[in-house]
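Undergrad: The hints should help you fit chains W and Y onto chain B, whose structure is shown.
Residue numbers (our numbering), protein chains in the order written: chain B, 1 to 352; chain W, 1 to 583; chain Y, 1 to 260.
Each hint should be verified, as a subset may be incorrect.
To be verified - Under the rule of at most 20 Å between Cα atoms (straight-line distance), these lysine to aspartate or glutamate pairs were calculated in the EDC-like manner: (1) K77(Y) - D54(Y); (2) K71(Y) - E528(W); (3) K77(Y) - E442(W); (4) K168(B) - D441(W); (5) K339(B) - D357(W); (6) K77(Y) - D441(W); (7) K339(B) - D54(Y).
Said to hold, decoys possible - Here are some chain Y residues pointing at chain W (derived, C-beta under 7 Å): (8) I68; (9) G79; (10) R82; (11) F90; (12) H104.
Worth flagging that the hints you see were computed from the coordinates, not collected in a lab. Heads up, the beta-carbon is just placed ideally off N, CA and C, and yes, glycines get one too.
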Amino acid sequence: MRLALPERWSVQRIVQILLAALLLFVIFKGASATLSEGKFTAAAWKSLIVTGLALGGLYALIAMGYTLVYGILFIINFAHGEVFMSGALSTFFVARALNDSGFLNDQPVLSIGILLLFSMLVSTTIAVLLERIAYRPLRGSPRLVPLITAIGASLFLQNTFRGMFGAKVRAYPQIELLKGTVDIFGFVVGKSQLLVIAGAALLVVGLFFFIDRTKTGRAMRAVGEDKEIASLMGIDVDRVIVTTFAIGGMLAGAAGVLWAINFKQVDFFMGFVPGIKAFTAAVLGGIGNVVGAALGGLILGLLEAVAPALLLTGYDVPSPNQLKDVIAFSVLVFVLIFKPGGILGSDEPEKV
Amino acid sequence: MAVTEVKQRSPRQLATKFGLIAGIASIYFPVVGITERFNDRTIVDGVLQLGNAIFFVIALAAGYIVAKPRPLPGEEPEPPGPNALLYGALASAIAGLMTGLFVLLADSVNLRPVLISVTGGLIERLSYGGSAASAVLIMIMGGAALGALGAGLQLISTKLRRPVVIALGTALLISLTEPLLNAILREVLSQMGLKNNTSWLYEGGGLSVTGAILVLILTFAGMSWWTTRGSGVKAAYKQRPEQQRKMIKGGALLLAGLFLVYLPQILTSFLAEILGTVGLYILLGLGLNIVVGYAGLLDLGYVAFLAVGGYSTALFVSERSSLGWALPYWQVVPLTIIIATVIGVMIGAPVLRLRGDYLAIVTLGFGEIARVIVLSDWAAPTLGGAQGILGITAPEVFGVDLRDPQNLYYAILACVAIVAFISWRLSRSRVGRAWNAMREDEQVAEAMGVSIIGYKLLAFGTGAALGSLSGMFFAIKLGSVFPSSFNILVSINVLALIILGGMGSIPGVIVGSFVLVGLPELLREFGEFRLLIFGTVLVSLMLLKPEGLIPSRRRQAELHIEEVEEELFEKRADSDGPEPAVT
Amino acid sequence: MSLLEIKGMTKRFGGLTAVDQVDFHVDEGEIVGVIGPNGAGKTTVFNIVTGFYDIDEGEMTFDGGSLIGLKPNQVTKRGIARTFQAIRLFPAMTVLENAMVGQHCRTRAGLGGAIFKGPRTIAEEKKIREAARDALAFFGKRLSPVENELAGSLSYADRRRLEIARAMATEAKLLLLDEPAAGMNPGEKEGLVTLIGRLRDEKGYAVVLIEHDMPVVKGVSDRVTALDYGKKIAEGTYGEVAKNPRVIEAYLGARHEETA
Chain B
1 MRLALPERWS VQRIVQILLA ALLLFVIFKG ASATLSEGKF TAAAWKSLIV
51 TGLALGGLYA LIAMGYTLVY GILFIINFAH GEVFMSGALS TFFVARALND
101 SGFLNDQPVL SIGILLLFSM LVSTTIAVLL ERIAYRPLRG SPRLVPLITA
151 IGASLFLQNT FRGMFGAKVR AYPQIELLKG TVDIFGFVVG KSQLLVIAGA
201 ALLVVGLFFF IDRTKTGRAM RAVGEDKEIA SLMGIDVDRV IVTTFAIGGM
251 LAGAAGVLWA INFKQVDFFM GFVPGIKAFT AAVLGGIGNV VGAALGGLIL
301 GLLEAVAPAL LLTGYDVPSP NQLKDVIAFS VLVFVLIFKP GGILGSDEPE
351 KV
Chain W
1 MAVTEVKQRS PRQLATKFGL IAGIASIYFP VVGITERFND RTIVDGVLQL
51 GNAIFFVIAL AAGYIVAKPR PLPGEEPEPP GPNALLYGAL ASAIAGLMTG
101 LFVLLADSVN LRPVLISVTG GLIERLSYGG SAASAVLIMI MGGAALGALG
151 AGLQLISTKL RRPVVIALGT ALLISLTEPL LNAILREVLS QMGLKNNTSW
201 LYEGGGLSVT GAILVLILTF AGMSWWTTRG SGVKAAYKQR PEQQRKMIKG
251 GALLLAGLFL VYLPQILTSF LAEILGTVGL YILLGLGLNI VVGYAGLLDL
301 GYVAFLAVGG YSTALFVSER SSLGWALPYW QVVPLTIIIA TVIGVMIGAP
351 VLRLRGDYLA IVTLGFGEIA RVIVLSDWAA PTLGGAQGIL GITAPEVFGV
401 DLRDPQNLYY AILACVAIVA FISWRLSRSR VGRAWNAMRE DEQVAEAMGV
451 SIIGYKLLAF GTGAALGSLS GMFFAIKLGS VFPSSFNILV SINVLALIIL
501 GGMGSIPGVI VGSFVLVGLP ELLREFGEFR LLIFGTVLVS LMLLKPEGLI
551 PSRRRQAELH IEEVEEELFE KRADSDGPEP AVT
Chain Y
1 MSLLEIKGMT KRFGGLTAVD QVDFHVDEGE IVGVIGPNGA GKTTVFNIVT
51 GFYDIDEGEM TFDGGSLIGL KPNQVTKRGI ARTFQAIRLF PAMTVLENAM
101 VGQHCRTRAG LGGAIFKGPR TIAEEKKIRE AARDALAFFG KRLSPVENEL
151 AGSLSYADRR RLEIARAMAT EAKLLLLDEP AAGMNPGEKE GLVTLIGRLR
201 DEKGYAVVLI EHDMPVVKGV SDRVTALDYG KKIAEGTYGE VAKNPRVIEA
251 YLGARHEETA
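Next comes chain B alone, as it looks inside the complex:
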């Protein structure tokens, strides 16, 4: 008794397809209008792409923290944006001291190393403390409980840093060496952007190797598969979980310094929006999937940089850049509608 339409064509499916068609139409129309107007030169596009790559690299680094923790504990560490902020904001004072003493520009490479190390140290500490104090006692409780805890922890961290270091936006000291641009295959790349892209790429590749090749990495994957069996196999589950948080924290700390160098300012609230966006990136790539997080970060960064100009200008939207966050969050919503598992994730049904 099969109908002509396959059963999968439920109302939901039809709505999805209509929505997708509408979306494609809107994108196509906006993009073609923008391109035919010729408001942007090729150089302008290229510069947007470079901006997007740098941003994407940063998102990818932060997204690792979300995806690693989710892969093992299946919780969204909502406070991860604050882990990122804590490294960036506290390192500001080191950077300022280095700058005041002249060391920053005398030994720029060494200085950046010091900053990275310090920031990673702070962020890792915060991440590990979070796990120990806020999440570990809640393992096995209903899902919303750790999430609410995470929101609370996020507020707590934000406002603690605000109380300690003040609410004002601080201008990050600039490094002479990173001023100016270089030309790579016709792309004009800011030197600081180059540092960000290279640094992010290096760290992400390092993480791949770590997870793929080392014993700890294997243990992490095993714990993600099944905690009980992993512990039966002699894996210290608690330690693996702490390690996971620590790695997420390290990468977030590194992202903090790179962010500060790239955007030249820090404040106590800086973790909130990048945090949600990095989460978006993780979901976009397929949460729990490390390669996916990297990919998701890059795509999101590029979209955020290019899409406002490409789509919204065509509709004569004034100051389209104001709406870049709207685009980023819309990406999250659309991913969840069309492919909740993300690009590299699977969409298998939940266990019954």
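TA: Chains W and Y alone, transformed into the frame defined by chain B:
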């Protein structure tokens, strides 16, 4: 929670551990600026300021916790011996030492460029007039004394301890609510024809010395009576027939209602305004409670509906809005609610298939989208950008101007009563049961015939409608709407008050609003640390008492059911092995 | 025509074919036992029938109408109710409320009814309560006296009973019971056999049960179907199936000792 450390530590290790924690806490408060700011608030006039009181509470608590008996599983708790005093003192002395060393450090090195709250004034105050070195000594000794005192609380019998602790807590509360209670007291006194001199109770923004002693003695006496006789009174109440109990309950509710109606008559306009704000948050809380508490959908973008309500009211009512025309209120109210519901359903439809934690993030994203759009140049011609929409005319109901704070308060009160009634009815209906079932186990609820998408949408839409109602009042109250009023913090605020009160509990929402909205409004010192307090409240509640202060019976069970589950698991393990993967 | 009719049911997860071309039917008032080693695809069949998984190939009809494409709640409304292998009650609702949720698909009161509580809603609420109490009463003195206790506080066997009562309250024609005897002691298992028989004789339900406990299967089943690796390997009376060499091999065969 169920996870407890079974590691046995020696008393000295315990004392060191909690001493270190207390020390970190004691340094934390001055470093983030709380001590300095809270010292503007008097607890007992000329004796104790709130900022310093925090140190005392920490030292007392450290001693108290260290001295707490820790029986091995299955053993009877042994009453703590006099040694406990020693360890309590040790713990708080360590905390005192750490604080003292911090003061010493801050006195010799200028930390101000980094830690903005560590000012010269703070250090001076923490040194208690002497040198920083003497402060170390004072803090160690004072800490030890307080720690021993705290430990001493463990030594005395429960019958004595509870009244002591409660008396201290009550004194603190009565002192903190001085702006409210003092105003009421003055008014009551003067209406009774007495001199409205309240210095026997309040002085300098806090309790006077006589007042403190009075409160402590009275509460202590009252509580002592209650601990010995309370169970008898309770039993007597329980023995009454159902009818009488209902009447007693109804009478109490009626009295509370009358009090709330009468309240604005005796309050200054400042306090009446705060009450109105609390009412608005109760309204918001009741709405979100349906979404989060009943249906179990964590919505972090609830402020979006407040914004929809506010902006649509402003657009349709204000003649200065971009529409250029205005509608009468009786048309605007249903219109706004319909718009909000439609938007709620539109937002809900695509994301409600998602698992709970995804939903939270997506709704958070929506909240942000709403804010960004309202602020953007793109929407500015319609929604007024950062300038917002001005000139919302005050509505009149039967010739009563609602802009007047008192009248508005009554309107909000009436609305709260109606919405609370609706919530109550919903909770014990077929719809409420379906929501509860869904919250507890979505798949099983579906297998029992509950249409998950349908009921999620229903919850989302109802929540949206109620949220927009608050938005409407919000717009009327201010006479204008601005994007800055609708930031993410409102969502967090509402969520925090629901969680504090207990998810799914209507009285919980009311109490939560008074504590988390009323108190910070009343005590301006709290204002800037409000979010810090919210964060702390959320984390500590989830760790210690996830069901909230006034839990609904269900919720409490849900969060404490693990023990039974574990037992079940063990039983299962003996039987046939479960089929893997799909169960 | 049978009450439940399944033809060529197939379900794949990635490369694994969990259910492979299974034909299956249940007649009205019939009790069918489904047996097979762990991972044979028994629960997956339940999940497909009740709409939790999409069917990849094949047909299934119930009471003359196709079940394909229906959501779990729609399947329940058609008259199929199930229990779960790992007991899944609403632990923080009372015993009575659990059963009342079962009545959900037979009633209609919505928001308006809940708020205004008109005569129709009151009458419906009464009907829900009565139907739920009826279902509880089927278990004698086990559930009725504790109807206001929280379901989470019940004993293990009573939870299993309440799951069945909740399914009964949906006014289904067919009950799918997933390992109802798991975790029960021998006495309780005997009681279960009687109970399932009563379900058919007194209430006229058709029952499909997945069960590992052979005495229970033997005691209640009119017919037994055996699955292995997602395929149907035998069907018939308990005696026939138990003697079937493929079934014996599936249960005792060397290849299973590695995976067991």
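Undergrad: Look at each hint and say if it fits the structure.
TA: Hints versus structure:
Distance check on the hinted pair: K77(Y) and D54(Y) sit about 18 Å apart at the alpha-carbon level, within 20 Å; holds. Distance restraint check for K71(Y) and E528(W): the Cα-Cα separation of roughly 50 Å exceeds the 20 Å cut-off, and the hinted pair is therefore not satisfied. As the CA atoms of K77(Y) and E442(W) are separated by approximately 17 Å, the hinted pair is consistent with the 20 Å bound. A hinted pair counts as satisfied when its Cα atoms are at most 20 Å apart, and K168(B) with D441(W) does not qualify at roughly 46 Å.
In summary, the hint linking K339(B) to D357(W) is supported, as the alpha carbons are separated by about 16 Å, within the 20 Å threshold. Proximity of K77(Y) to D441(W) is assessed by CA-CA distance (about 19 Å); at most 20 Å being required, the pair is judged to hold. Between the alpha carbons of K339(B) and D54(Y) the distance comes to roughly 17 Å, so the proposed pair stays at or under 20 Å and holds. Interface restraint check: I68(Y) against chain W, minimum CB-CB distance 17 Å, threshold 7 Å, status violated.
Look at G79(Y): its Cβ only gets to about 11 Å from chain W, farther than 7 Å, so that hint breaks. For the restraint placing R82(Y) at the interface with chain W, the shortest Cβ-Cβ distance is roughly 6 Å, inside the 7 Å limit, so the hint holds. With 7 Å as the threshold, the beta carbon of F90(Y) comes within range of chain W, its nearest partner Cβ sitting at about 4 Å, so the hint holds. Taking 7 Å as the C-beta cut-off, the interface hint given for H104(Y) holds, the closest approach to chain W being about 5 Å.
Hints 2, 4, 8 and 9 from the earlier list are contradicted by this structure; the remaining hints agree with it.
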